[in-house]
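Student: Chains as they are written, first to last, in the UniProt record's numbering: chain A, 1 to 177; chain B, 1 to 163.
Among the clues, some could well be false.
What the hints assert, rightly or not - Where chain A lies over chain B, by a calculated footprint (3+ residues, C-beta under 8 angstroms):
(1) 55 to 64
(2) 93 to 102
(3) 130 to 140
Unchecked claim - List time: in silico BS3-like cross-link candidates among lysine-lysine, alpha-carbon distance up to 30 angstroms:
(4) K56/B to K106/A
(5) K56/B to K101/A
(6) K173/A to K106/A
(7) K79/A to K112/A
(8) K173/A to K62/A
(9) K79/A to K56/B
(10) K112/A to K101/A
(11) K79/A to K62/A
(12) K112/A to K62/A
Honestly, the hints are just simulated from the structure, not real lab data.
Predicted model, so just to flag it, every value in this text is computed and none were measured.
All residues carry an ideal CB built from backbone N, CA and C; glycine is no exception.
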Amino acid sequence: MRRRLLLLIPLVLFGVLAVFLYQGLSMNPSARDSALLAREFPAFELATLEDPEAMVDESLLKGQVTLVNVWGEWCPTCKQEMPQLLELAERGVRLVGVDYKDTRAKGQEFLKEFGNPFELNIFDPEGSLGFDLGVYGAPETFLVDADGIIRYHHTGYITPEDVEQVILPEVEKWRSE
Amino acid sequence: MAKRMTPLHRLLTASLLAMLLFAAGLAMAAIEVRQFNDPVMTQRYESLTDSLRCPKCANQAIGDSNSPIAEDMRERVAQLLSEGRSDREIQDYMIDRFGEYVLYNPRLTDRTWVLWGLPAALVVMGGIVIALIVRARRSASNRALSREERERLDALINRERTQ
Numbered sequence: 001m002r003r004r005l006l007l008l009i010p011l012v013l014f015g016v017l018a019v020f021l022y023q024g025l026s027m028n029p030s031a032r033d034s035a036l037l038a039r040e041f042p043a044f045e046l047a048t049l050e051d052p053e054a055m056v057d058e059s060l061l062k063g064q065v066t067l068v069n070v071w072g073e074w075c076p077t078c079k080q081e082m083p084q085l086l087e088l089a090e091r092g093v094r095l096v097g098v099d100y101k102d103t104r105a106k107g108q109e110f111l112k113e114f115g116n117p118f119e120l121n122i123f124d125p126e127g128s129l130g131f132d133l134g135v136y137g138a139p140e141t142f143l144v145d146a147d148g149i150i151r152y153h154h155t156g157y158i159t160p161e162d163v164e165q166v167i168l169p170e171v172e173k174w175r176s177e
Numbered sequence: 001m002a003k004r005m006t007p008l009h010r011l012l013t014a015s016l017l018a019m020l021l022f023a024a025g026l027a028m029a030a031i032e033v034r035q036f037n038d039p040v041m042t043q044r045y046e047s048l049t050d051s052l053r054c055p056k057c058a059n060q061a062i063g064d065s066n067s068p069i070a071e072d073m074r075e076r077v078a079q080l081l082s083e084g085r086s087d088r089e090i091q092d093y094m095i096d097r098f099g100e101y102v103l104y105n106p107r108l109t110d111r112t113w114v115l116w117g118l119p120a121a122l123v124v125m126g127g128i129v130i131a132l133i134v135r136a137r138r139s140a141s142n143r144a145l146s147r148e149e150r151e152r153l154d155a156l157i158n159r160e161r162t163q
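Work the whole structure out from these sequences, hints included.
Tutor: Now the structure itself:
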């Protein structure tokens, strides 16, 4: 009897492996947490898109919960995302943009055409701030709390459902912390 | 004697040549070649860009990918190398920004010891199972001779001797 049970071991091992691998099938391989979660927003010193003379740094993000959106004129998804960002701004969320790997003229044109939900835009033509943020495509959105700590990271397109179901609850959560 | 080329032949040959040249141009345009003065540096650069995974692409090293982020990362690797940073420091620099995902060979940490240890553990377990089976068979063949079998065996051996 005991020997019989031993024969079942390979079957059990196979079962465990099958369940493990089956789970993997429904996982999104590109979904992974930002390396910057729970860390301070990286230091930077860049001009704004609006005014080449006006320099800003990371202290800009201290004092209140801010949504930092990385966008570029060259990025089609960013255009589709603008209505959601405008809605968020209308509902009282503070937004700061990072115009990533763009030219000043194109960036300004973009905001004229699609609306400007941002309090201001950090102009990052070389992508240096983007690199420090671990941005590998646009749009990407970071939620920064009042102490300047990154609390949530959204890779890619923010859908209208995401506004209600993900972004606003996260903003509320970190406002009350 | 060479046949004279018809205009169609000429057109085909020309377009084939053009395609070949175009393809060669594309292949070269994909990944830039970086040369350092020191061959050791060049080698370190190559091994680093081959062992760092591009965060944007499905499964490519930054040394194989022409996506913009891979390009930026190669550039940064070259810059950090020329600043005299060690391989480990450069890897840390990338992990800081893009996460452990960028390492093709994950480091041995509290979270990854199962990953590294499991294959070794399986080999050891397999060895133990084989050893057990071999031992069981050996003792089985020692013990399993009944009296009848032993007599037969003795008879056989004796016959051999008397021949």
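Student: Take the hints in turn and mark each one as holding or not.
Tutor: The hints, checked one at a time:
1. 55 to 64: This one holds; 3 residues, not fewer than the three required, reach chain A with a Cβ under 8 angstroms.
2. 93 to 102: holds (count 7)
3. 130 to 140: This one is violated; 0 residues, fewer than the three required, reach chain A with a Cβ under 8 angstroms.
4. K56/B to K106/A: 24 angstroms, holds
5. K56/B to K101/A: 16 angstroms, holds
6. K173/A to K106/A: 35 angstroms, violated
7. K79/A to K112/A: Roughly 12 angstroms separates the two Cα atoms, so the pair holds.
8. K173/A to K62/A: Roughly 17 angstroms between the alpha carbons, so the hint for K173/A and K62/A holds.
9. K79/A to K56/B: 20 angstroms, holds
10. K112/A to K101/A: The hint holds at about 18 angstroms.
11. K79/A to K62/A: Between K79/A and K62/A the Cα gap is close to 28 angstroms, so the pair holds against 30 angstroms.
12. K112/A to K62/A: 28 angstroms, holds
Of the hints listed earlier, those the structure fails to meet are numbers 3, 6, in rising order.
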